[in-house]
Structure formats: C-alpha cells, structure tokens
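Asks: Could you put the whole structure together from the sequences, leaning on the hints where they help?
Here is how the chains run, residue by residue.
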Amino acid sequence: MSLYGVMLVVRQEFRVRLRTGRWRWLLGSWVAVLLLFTALLDLSLTGATGPRGVPLFGGLMLFVLALVLIISPALTAQSVNGDRERGTLATLQVTRLTATEIAVGKLLAGWGVGLVALALALPFVGWSIVEGGMTVLRTFVVLLVVALLIGVVCAISLGLSALLARSITSALLSYLAVFALTVGTAVTFGLSAGVIGGDRATAKVWWMLAPNPFVVLADATPKLPPAFDIQGHEIPQPGDPLGELGRSVRQLRDPDYYDEYADEPQHHPNPGPVWPYGLTFDLLVGAGAVWLTARQLRTPAARLPRGIRVA
Amino acid sequence: MRIAVRRYAVSIVRGGWAVTDTEYGVVARGVTRGFGPVQALRGLDLTVPYGQVTALVGPNGAGKTTLLLILATLLRPDFGEVRVAGLDPVHDPSGVRSRMGWMPDVFGVYEQLTVREYLAFFAAAYRLDGAVSNQRISDALLRTHLFEYANRPVHILSRGQKQRLALGRAMLHEPAVLLLDEPASGLDPRSRVELRDLLRALAAAGVAVLVSSHILSELEEIADRVVFVNEGRTVDEQDIHQLAANHMSQWRVRAADPDALRAALEQRGVTAGASSGAGTELPAMAEDAAAELLAGLVADGVRVVAFGPVGSHLETAYLAMTQERR
Numbered sequence: 015m016s017l018y019g020v021m022l023v024v025r026q027e028f029r030v031r032l033r034t035g036r037w038r039w040l041l042g043s044w045v046a047v048l049l050l051f052t053a054l055l056d057l058s059l060t061g062a063t064g065p066r067g068v069p070l071f072g073g074l075m076l077f078v079l080a081l082v083l084i085i086s087p088a089l090t091a092q093s094v095n096g097d098r099e100r101g102t103l104a105t106l107q108v109t110r111l112t113a114t115e116i117a118v119g120k121l122l123a124g125w126g127v128g129l130v131a132l133a134l135a136l137p138f139v140g141w142s143i144v145e146g147g148m149t150v151l152r153t154f155v156v157l158l159v160v161a162l163l164i165g166v167v168c169a170i171s172l173g174l175s176a177l178l179a180r181s182i183t184s185a186l187l188s189y190l191a192v193f194a195l196t197v198g199t200a201v202t203f204g205l206s207a208g209v210i211g212g213d214r215a216t217a218k219v220w221w222m223l224a225p226n227p228f229v230v231l232a233d234a235t236p237k238l239p240p241a242f243d244i245q246g247h248e249i250p251q252p253g254d255p256l257g258e259l260g261r262s263v264r265q266l267r268d269p270d271y272y273d274e275y276a277d278e279p280q281h282h283p284n285p286g287p288v289w290p291y292g293l294t295f296d297l298l299v300g301a302g303a304v305w306l307t308a309r310q311l312r313t314p315a316a317r318l319p320r321g322i323r324v325a
Numbered sequence: 093m094r095i096a097v098r099r100y101a102v103s104i105v106r107g108g109w110a111v112t113d114t115e116y117g118v119v120a121r122g123v124t125r126g127f128g129p130v131q132a133l134r135g136l137d138l139t140v141p142y143g144q145v146t147a148l149v150g151p152n153g154a155g156k157t158t159l160l161l162i163l164a165t166l167l168r169p170d171f172g173e174v175r176v177a178g179l180d181p182v183h184d185p186s187g188v189r190s191r192m193g194w195m196p197d198v199f200g201v202y203e204q205l206t207v208r209e210y211l212a213f214f215a216a217a218y219r220l221d222g223a224v225s226n227q228r229i230s231d232a233l234l235r236t237h238l239f240e241y242a243n244r245p246v247h248i249l250s251r252g253q254k255q256r257l258a259l260g261r262a263m264l265h266e267p268a269v270l271l272l273d274e275p276a277s278g279l280d281p282r283s284r285v286e287l288r289d290l291l292r293a294l295a296a297a298g299v300a301v302l303v304s305s306h307i308l309s310e311l312e313e314i315a316d317r318v319v320f321v322n323e324g325r326t327v328d329e330q331d332i333h334q335l336a337a338n339h340m341s342q343w344r345v346r347a348a349d350p351d352a353l354r355a356a357l358e359q360r361g362v363t364a365g366a367s368s369g370a371g372t373e374l375p376a377m378a379e380d381a382a383a384e385l386l387a388g389l390v391a392d393g394v395r396v397v398a399f400g401p402v403g404s405h406l407e408t409a410y411l412a413m414t415q416e417r418r
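Chains as they are written, first to last, in our numbering: chain A, 15 to 325; chain B, 93 to 418.
Source of the hints: derived by calculation from the structure; they are not laboratory data.
Model, not experiment: these values are computed from the prediction.
Cβ atoms here follow ideal geometry from the backbone N, Cα and C, with glycine treated the same way.
Treat the hints with care, since some could be wrong.
[Stated by the list, open to error] Just some of the chain B residues that point at chain A, by a computed CB distance under 10 Å:
hint : residue
1    : Leu161
2    : Leu166
3    : Leu167
4    : Pro185
5    : Ser186
6    : Val188
7    : Glu203
8    : Gln204
9    : Leu205
10   : Leu234
[Claimed, not checked] Some chain A residues judged to face chain B by a derived CB distance under 7 Å, without partners named:
hint : residue
11   : Leu22
12   : Val24
13   : Gln26
14   : Val30
15   : Arg33
16   : Thr34
17   : Gly96
18   : Arg100
19   : Thr102
20   : Val108
21   : Thr109
22   : Arg110
23   : Thr313
24   : Pro314
25   : Ala315
26   : Ala316
[As the list claims (entries may be wrong)] If you want the ones that stay clear, here's a sample from chain B, every Cβ over 12 Å from chain A, calculated:
hint : residue
27   : Pro196
28   : Glu209
29   : Ser283
30   : Asn322
31   : Met413
Replies: Written as structure tokens, this is what we have:
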C-alpha cells in the first residue's frame, strides 16, 4: 500500500462525487438544521443553573452523533458494488492500484465527507464554548470520538458494499448495522438483564451496551472539573447530558455504587470506565471491515460474491 | 510512435513441448474455470504471437469473456497454465498489469470527468509520471480521434466514442499485450475502419493483440490468426490465410451474359445453384479449385463480371463449427 495510490483513489472519489451530488444544498440544509437545533436548545436552557455551555454542548453533540450515524452509511454503502454496477471497478483493478489502496482510499473519501459534516458543526461548538463552562479537553475528546465513530460506520458500510452484489441491499444492511449498534445493543442489554433478574443483573451484562456509540461518546467525555465561586464555595454543576449518561452506564457495572462514594474511593472503589471496551470493539469491527473489503477486491479472484459478473 | 515491446526469455515446458515467450504475448494451456455448477472453460488452449492480431471467435457463452478476464488478471483459473507477457497472472498480477492493456465488453466510464481527466486518472493509476503521462494522453486522444472532445465531459460522448475512449485508456501505458473484448460493437463504419487501422498499426509495432468479436467479416480484415472456441474448449487455431485457402466455401459468379455462363458451367460439369441479381451460386470449393474454374470460364470466353466467395471464410468456418454443435 502506498500513500500515492490511496490519495489517488481519494481524489478520484471526491471528484466523481462532488460533481454528481447536490452538495451545496445538502450541506446548506445540514448547517440550517444544526443552527435551528442549537438556537432552540439555547433558548430552552434559559434559567438553568450554572453555565449553559455544558448542557448546550452535550445536547448538540448527542444530536450531531445521531445525525452523522444516519448520514455515514450513505457515504460508503455503495462504494464498491456501486462501482461494480456502473462497470468502473474492473478497469480500476487492472491498473497498478492495489486492492488495499482502493479499499483504504474509498474509506477515507467517505470518512472525509463525514468529517466535513462534523467540521460544519464547529461554529455551534464554538457557540457553546462562548456560553461558558466548557474545557478544551472535553471539546477535543468529544469531537475526536465522534470523528472515530463516523469512520467506524463508514468502514462497516464499505465492507458490506464489498461483500454484497447489490448496492440497495448493502445500503439497507448498513442502516440495519447502525440500528443494531444503537437500538440493538440497548434492547439486548435490557432483555438480558431482565432475563437474569435480581439486583446485580446489570453487572453481568453491562458490556452489551459498550459498543453503543452514544455510550462510548458519553462515557469517554472527561469529567468537568469542580467549579468554585469567588468565596471558594463549590458551585453546583450544570446539567450535563454527556456526563450523566456516562455515569449511569458506569453505575450499571456496579449497582451498589452511589454518586456519594465518588469522593471516597477507599470506601467503595469507583466502577471502571466502559468506553475503552466499546471503542476498541467498534474500531476492531471497522478495521475488520476494511480488511474484508481489501480481500474482496483482491484479484485474480478465486471466488466471486453470488450474482456478480467481474466486468 | 513506437510501442516498446518487452520480451522475456521465460519458457513454459509442458507435455514435452516448449514455447519461449519471446514469441508469444499470451500462452494458455489447458485452462479451466467453473462458476459454481457452470463450467465456463473446459481446457482451453491459446497462443497470441507478438506482432500479430489474433481473433477469438465463438458463440455466446463459449467462454471468450471468461478467458479474457483470466488473462486480464481479474479471475483465477481453476487449472491450467497461463502466461501474459511472459508472466503468470496469478503469481505476478501487478507485473502483468503494467504490460497488459484490457478493454472489457461492458464497462462504465466516470461520466462526470472530462475526457482528458478520465485519461489522466488512469495514467496516474498506471504510475506514469508527469511528462510521459501528458505525452501518452495526447497520443491516445489523437489515435482515438477524441482530441476535440478532450475538455468535454465524458457523459456527452456517444456509445462509440466511449468505446474509443476505453481503447485509448487501455493503450495509455503502452502495453506489450492488448486484450480487447468486442471492441467493434457500437462503432460506426468509419470508426470500425479506424479501429482496424489502429490495431494493424499496433501489431506492426510488435504488440500482441487479442480481439474477441462477433463481427466476423471485420475480423477477417483485422486478424492474422483466428482461434475458434466453443463450450469452453479450443476447437481450432489457424492462420487466417490458410483458413481461406483450405476452407470449402460457397462461391458466386456473375457474367455479362447469364445464358453463356450457364452453358459454360454445364459444359464443365459444375452444378449451378440459384441465380439472382447478385449472380449464380456455385457449389462449395477450396480456393484452388475456384481459381481453376474462374480461369476456365474466362478461357471459354465467358465475360465474368464478378467471382468471389459468398460471405467470409471466417463466417463459413464459424457456421460450420457451430453447426456441429446441433
């Protein structure tokens, strides 16, 4: 694999896509939706305790994550089989580009578009920072995790597009995969906990929730530092959707743990974080999907996916 | 422009005979390939010499496209020996790719790009560097008569023009072996003549050209050799001139005075067939016998206007081959 080959594929994908779609309209409406959401959320927070930046940022990023999870499958779910259907894949495969270069290039192109969407949310992130209460670390980590999750969904969709003959099927399955990661993990967790029963059921099945992108994002969000007023009295923390979601997920690992123990870990150890498991799992699935894509693109092909003509 | 032909002194030894690849751009021996329950190739043999155009002829489903996909490094054969430009496409696909050009029968183009951008992308994908790349692109545009379309988007091209663009793409890296699957389909008569001239020029420059086609009358003008395939096997591999000389084909003769012609034929014991405006049908004869008859008729004082084979030799040979199938 060479950078030259990867970048050639990325540039080509970008060029071909940018000239087909109505990107200006799509990106314009994306920004309009974010503007409307941020403005309404900001208005609804009037009168809330503490700086409004924290809840504004949390709400915004959960909203952005939900939207990019919907957008991302569309970016790569037809990358391979769509090219096959249009008859442009085989001519690419007989050049000196390798299967890995084509696979990685197509992933980066789709991921790149997703990152552009994320970048367009930055002004609204700035808005929440201006509202106060945010830290640089928290902003950076949350954006990074969302960026990685976009890549994971793009990779899964790319893998499906390489595995399946029809682009409609792979697009549908990509959305099902996102559904499984979000709703599926929650339902599986809930049902399993119910079946096991008892007070400590969630301690046995908390890991089922770990791959959930919302859980990963919330739990990976760094804690807010305690804030004090001029007299040195601690200010009550503002509403924090990300932090609260993260805390409640950790609590599932240890149902006997209460927030009051947080300051005295010697009395009751804090339950460990959930996000390293979830993020590692998601990244491994994504990496596996890219590996699978490259394998499917490798020629000369011994076996072909069902219903495929090479050219 | 001169096409550089790289020659390799690798030899394949199999079954007691040896071929050196300095002579052949493509050598295939006993190639088989199945798709699930369907056996597309059942032991196909083929040689494509450098400096010649070889025609691959056979009915639909004979395995022509499958064979070309194997030669183009896209499909792995189940069994058999394959060498393209002296290299094994299974073990060294990238080596083969830099020496082989392929044009599929059905293909898509990046509709959004301009003609020049399209070629430039593939030049980059073949890792040609700047100056060489620009030279080759201009060259491809000239050879395929697309120069005036260089800056127009690909989607405005007609089917035949896209076909020519794909041919230009296949030649960008000056391959020593050129594989063309149905290149003439969709081309207008002028483009076909130009394609013929282009392929002849490439062969003259030393390229090994393999063309599959259904348009037999045209292949006869383009090709030096013909390989007949049917049901995944090679039926016959022949020099086209030999084919014409040996093959018993139908002939037709037309004379200024049809009655004199009939009388002369009767006298020579030749059973004449139906007569039409195009002439009188004669029984099947080899070239030698036909030449003899023509000389005789002229000697008899018949004023012969036209004398020639009905259809093309290739066509009659092809029809005879597919007849056996029924």
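Asks: Now tell me, hint by hint, if it's right for this structure.
Replies: Now for the hints, and whether the structure bears them out:
1. Leu161: Holds - the Cβ of Leu161 of chain B comes within 10 Å of chain A, reaching about 5 Å at its closest.
2. Leu166: holds (5 Å)
3. Leu167: Leu167 of chain B check passes; min Cβ-Cβ to chain A is 5 Å, inside 10 Å.
4. Pro185: holds (6 Å)
5. Ser186: With a minimum Cβ separation of about 6 Å from chain A (threshold 10 Å), the hint on Ser186 of chain B holds.
6. Val188: This hint holds: Val188 of chain B lies near chain A, its Cβ roughly 9 Å from the closest one there, short of 10 Å.
7. Glu203: holds (8 Å)
8. Gln204: Constraint on Gln204 of chain B satisfied, holds at 4 Å.
9. Leu205: This interface hint holds because 7 Å falls under the 10 Å limit.
10. Leu234: violated (21 Å)
11. Leu22: holds (5 Å)
12. Val24: At 12 Å from the nearest chain B Cβ, Val24 of chain A fails the 7 Å test, so the hint is violated.
13. Gln26: Interface hint status for Gln26 of chain A: holds (6 Å vs cutoff 7 Å).
14. Val30: Nearest chain B Cβ about 5 Å off; hint holds.
15. Arg33: For Arg33 of chain A, the interface hint holds, since the closest Cβ of chain B sits about 4 Å away, which is under 7 Å.
16. Thr34: holds (6 Å)
17. Gly96: Where the cut-off is 7 Å and the nearest Cβ of chain B is about 10 Å from Gly96 of chain A, the hint is violated.
18. Arg100: holds (4 Å)
19. Thr102: Status holds, d = 4 Å.
20. Val108: Constraint on Val108 of chain A satisfied, holds at 5 Å.
21. Thr109: holds (4 Å)
22. Arg110: The hint holds - Arg110 of chain A has a Cβ within 7 Å of chain B, the shortest such distance being about 5 Å.
23. Thr313: holds (5 Å)
24. Pro314: Pro314 of chain A check passes; min Cβ-Cβ to chain B is 4 Å, inside 7 Å.
25. Ala315: holds (6 Å)
26. Ala316: holds (5 Å)
27. Pro196: violated (4 Å)
28. Glu209: Non-interface label on Glu209 of chain B violated, nearest chain A Cβ at 8 Å vs cutoff 12 Å.
29. Ser283: holds (20 Å)
30. Asn322: holds (21 Å)
31. Met413: holds (26 Å)
Hint violations for this structure: numbers 10, 12, 17, 27 and 28, all remaining hints satisfied.
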